[in-house]
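There are 2 protein chains.
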Amino acid sequence: MEQEIKYVLPAEIEQESMRIIGQELAQRGINLPQETEAVVKRVIHTTADFDYVENLRFTPDAVPKALEALWSGRAVITDTNMAKAGISKSALTQLSCEVHCFMADRDVAEAAKAHGTTRAAAAMQKAAKEYPEAVFAVGNAPTALLTLCELIRNGLRPALVIAVPVGFVNVVESKQRIFQLCLDAGIPCIAAMGRKGGSNVAASICNALMYTALGTLDPARL
Amino acid sequence: MEQEIKYVLPAEIEQESMRIIGQELAQRGINLPQETEAVVKRVIHTTADFDYVENLRFTPDAVPKALEALWSGRAVITDTNMAKAGISKSALTQLSCEVHCFMADRDVAEAAKAHGTTRAAAAMQKAAKEYPEAVFAVGNAPTALLTLCELIRNGLRPALVIAVPVGFVNVVESKQRIFQLCLDAGIPCIAAMGRKGGSNVAASICNALMYTALGTLDPARL
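So the protein sequences, as listed, match chains A and B.
In terms of this note's numbering, the first sequence opens at residue 1 and continues consecutively.
In terms of this note's numbering, the second sequence opens at residue 1001 and continues consecutively.
FYI, nobody ran anything at the bench for these hints, they're computed from the structure.
Please note that a few of the clues may not be correct.
As the list claims (entries may be wrong) - DSSO-like cross-link-like pairs, simulated, lysine-lysine; straight-line CA separation at most 27 Å:
1. 89/A / 1126/B
2. 1089/B / 1129/B
3. 129/A / 65/A
4. 89/A / 1089/B
5. 89/A / 1113/B
6. 1089/B / 1126/B
7. 1126/B / 1065/B
8. 65/A / 89/A
9. 65/A / 113/A
10. 113/A / 1089/B
11. 89/A / 129/A
12. 126/A / 1089/B
13. 129/A / 113/A
14. 1113/B / 1065/B
Required output: the full structure, derived from the provided sequences and hints.
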C-alpha cells in the first residue's frame, strides 16, 4: 500500500522545515548565534545542506548593518537574473527596496566587449555608478567579486556584500579576497567560504535578511 | 603579498571546471555512464556538491528520450520563475523550445484559492492542459509533484519529469513516488533522491540536456 503523504500548505511546510532544521542543529550540538541564525537556517532550508553552518562567514555586525540598509530602502544588485527571480518581491515592496540585475543590458554587453572583460564585471561597474550604496548579492561570478574588490579599493562603500559564488575556478580565492577586504574596510560582508554557494543561496540570504527586517520569519505573513 | 587570481573568461572557467570535476570523480573511483554523465557533471558544476553522483536517478533511456523531446521542440514547464530564469534562453531558441512558468498567473492564484490547494498544484494543472506533452521541471514544490502523480494516473504522458525539489517536508516522499510512478508508466524521469535539489538543479538539468541536444557542452558556442 502506498504511503500516505499529508497535503500541507507552503506556510506550514516552511514552519515545519525550520523546526526540523533547528532540531537537527541541536542534535549536532550546534548553537547558532542569535544574530546570524535566521540567515544560516534559511540557507540550509534552501539547500538542505548543513555544510553552510561552517561555510557561512559574517563580518562583525553584518546582519544589523544589513537590516539598517534594508530599512532605509537600499537597492539590491544581483549578478544573475536567477538570483533576482528568487528574491521575494513582496518583501522588497514592503521595505520600499528594489532589485536590479544588469547582466542582460545591452550597454553592459558592449562595455564588456570593449574592455575585454566579463558581463558580470561590467554589470558591477554599472551598478557601482548607479547604486554605490547598494546591497551587492553575488551568487555566480568570481569576476563580479574581483571587480567589487577593485571598486572598494577605489573608495566604493556598499551597504553589504553577499559573496556566495559556487564553483571550481577562482571561486574560493575571490570569496576569501573580498571577505578580507571588507573586514579591513569595515564593510559588512556575508560570504560562503569554500566551493559551495549559488544564485539560490544569494537570494536566500537576501530573503532571510528582508524577513528579519520585516520582523517575521513567516513568508505567509509577507 | 596577495595571491594572484588569474582573470579567466566564463567559457574557459566552464571548461576548466568540467576538467576538475572529471578529475575528482576519477580520484573517487567513480565512472559515470556515458548517457548520464553530462547531466550529473553539470549538476555538480552548479552545486559544487558531489552528493549528486548518488542522488540523481534516471529511468531507463531518460536522457535519449529527453533529447528527442527537445529536438521536437517540446515546451519546458517550471514550478518557479527562478528555474525559468536559470534556463538558457539561447539554447531554447536554437531548439525552438519555449519555457513557461504559471506560478505568478492570476488564474492560477484564483484556482488555488477556489480548490484550497497550492499555486504550484494549480500551475501544474494549467500546464497539463496547455502543454500535456511538455518537459515538467519541478525544483521547488512537492505539491507540484503530487499533482503530476494524479495527472499521470489519469493519463497524462509528459515527455520528461525532472523531479528535484529541495527540503525537509514531503520532499523525499514525493520524489520517490513520482519516480516509481514514471518507472511503472514508462515515462522518462530524472530525480534527485533525498532532501537535496532546488530550482538551480532543475535549471541545470534542463541546460545539460539542451547543450547535449545541441551537440555541445560548451555554452560559449551557444
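Violating hint indices (sorted, rising): Violated hints: 9, 14; rest satisfied.
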